[in-house]
Amino acid sequence: MAKMELNRKTKTEIEDSSSLKGTLASVFLLGFFLIVTWVSVYFLFLDRF
Amino acid sequence: MNTLNAKIDPRDGKLVMAHFYVAFIALAVGGLAGLLQTLVRSGKFVLPAGIGYYQILTVHGVVLGLVLTTFFIMGFQIAATSRTSGTLSNLQRKLGWIGFWLMTAGTLMAATMILLNKASVLYTFYAPLQAHFIYYLGLTLVVVGSWVDGAAVLGKYISWRKQNPGQPSPLITFMAVVNTMLWIVATIGVAATVLFQLLPWSLGIVDRVDVLVSRTLFWYFGHPLVYFWLLPAYMAWYVVIPKVIGAKIFSDSLARLSFILFLLFSIPVGFHHQLMEPGIDPAWKFLQVILTFLVVIPSLMTAFSLFATFESYGRSKGATGLFGWFKKLPWGDARFTVPFIGMLSFIPAGAGGLVNASHQLNQVIHNTIWVTGHFHLTLATAVVLTFFGISYWLVPHVTGRVLTKAMNKLAIYQGVLWAIGMTFMSGAMHAAGLLGAPRRSSFSEYGGAAQATEWIPYQIAQAVGGTILFVAIILMLYIFVNLAFFAPKGEEEFPIGEVSDKAEKSPMVFENWKLWLGITALLILFAYTIPFIDMIQNAPIGSKGYKLW
Ligand code: HEM
Ligand SMILES: [Cu+2]
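Listed in order, the protein sequences are those of chains A and B.
Position 37 (the first sequence) corresponds to 37 in the working numbering; numbering is contiguous.
Position 509 (the second sequence) corresponds to 558 in the working numbering; numbering is contiguous.
The hints are simulated quantities; they were obtained by calculation from the structure and are not laboratory data.
Quick caveat, the model's predicted, so the values are computed rather than measured.
Hints may be right or wrong, so weigh each one.
What the hints assert, rightly or not - Here are the simulated SDA-like pairs of lysine to any residue, each with C-alpha atoms no more than 20 Å apart in a straight line:
1. B:167 <-> B:596
2. A:21 <-> B:362
3. A:21 <-> B:353
4. B:551 <-> A:17
5. B:366 <-> B:349
6. A:21 <-> B:369
7. A:21 <-> A:31
8. A:21 <-> B:167
Isolated chain A, as found in the complex (with noise of 0.2 Å):
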């Protein structure tokens, strides 16, 4: 029981408020769909053209 406490103390404690990962996730996440629509349409020409 008291073990459980303390590990759930120490873990909010690592989260560091000034952390940027979601951004540098969300960065992530829009160059990927940036990518995925270039390639949907290029593979559209490759068939069409």
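Got chain A; can you put chain B with the ligands on it based on the hints?
Frame of chain A; chain B with the ligands shown alone:
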């Protein structure tokens, strides 16, 4: 920032509101035309009284793409400058009024000719379609008026710099100055084609016009035009939104750098609108496509900076996990939520833009309704919803009223309805475009062709979306009238964000206009000189004018 005005001077406020009245009248007229277009294209509706499809399409494009945008932007930039660099001098304000009246007179001239059906040449007024000369003259006055209006902003900036030597100018003033410079450099192209080609030709002084030269001058202007629309939205995203949500500006230098990059890279790229145009050497098209793709850098810098602002804010409110900050954002505040919908729409809009700008992929979508779907996400959602979001606080700020809880709620409904309507309309436009459906085409079955039959369900979906959008426009107009004339008296804040105290002072090099305008000029000369000489030396006999409507 010692000259910061918490409240704009009422005399400046009056000038701002004059611009906004015209902008919102334009929204009403253009919105109605837009609805009619989608209905006609669905095949279920025929325009009464012999009104032509291309006539209302010209009304829609001119009034929303040129009038609403230019008037709103001039008003907003004057407000932002007056708020952060101090009240305009009497001379500067007079310039603002002269600019406003020139633009208004020009708008009325152009509008009259469109209504008389003498100018159904669409808002791009491409030769060899030939309008009545008063139409071109009217649009010239709009541009000249916007220069005079811009002089008010530049004048205020110059006097601020004199009073504060060695200091970086207030961020949003700096941004308004970049956008004004961008606009002046860009409009030289359209002024040149109108004054030297289209006016003499429509007046009958010359018989023929060089079509390729006029289109090239048009797109020299046409691409920076879209950045002229977008940068004011970015001003709100970088400077206003952080304050609205109670966060700090992530980085002042990053914001300035991205604006300078937009100035440099948004002009020498007009060929990406002319990729399918014969008569331009592909090597120069390739060069301009590379310059176009450089705009990805400041765009992703902006995305990064906004995500970072939101995440830092959410974490300061105790958010944890990868995306926990998202839930902490103030979703109940229309001043945030409505522009945020605009930001979201910029993601598919940007993706579509990369497709448009790639030479091969452009062959898939060129002149299809995909393109219309694209700029209804960039301009008619990202930019316009941000402008609406600005109006929710700027209009009551200058009229001495407040955005009530009820209006705030209605404003959120307005934004959500816009998002739903546009998802239908723009989504269907993108899909039909990939199937080859043309833009700028009234309803037609193309002689019963099987391919055209495929497009019809998408055209119905566009009409559904258009109807929802029209309801959203009515809501917006209702809110505008409320905020301008009826809302309770009070103080509404003009939110201007502060830079996080950890950030370093911005270097003065950003204010070195000789440097930035010099590089801009060099890039333009590099990208355009040789192809332009080529076009003139190898010019075919020009074209006579056509009136095909
Ligand atoms: C009620 C909302 C709207 C509807 C239903 C609507 C509908 C349409 C449709 C159907 C077209 C294309 C027609 C064609 O190519 O045949 C079009 C074109 C256009 N729209 Fe909209 N639109 C709306 C709002 C806006 C807004 C807010 C703006 C800009 C601020 C805008 C700017 C334009 C422009 C510049 C064109 C191009 C005209 C041309 O190709 O010459 N629209 N609109
Ligand atoms: Cu462009």
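Unmet hints by their number, sorted upward, for this structure:
As far as the earlier hints go, 5 and 8 are violated by this structure, in ascending order.
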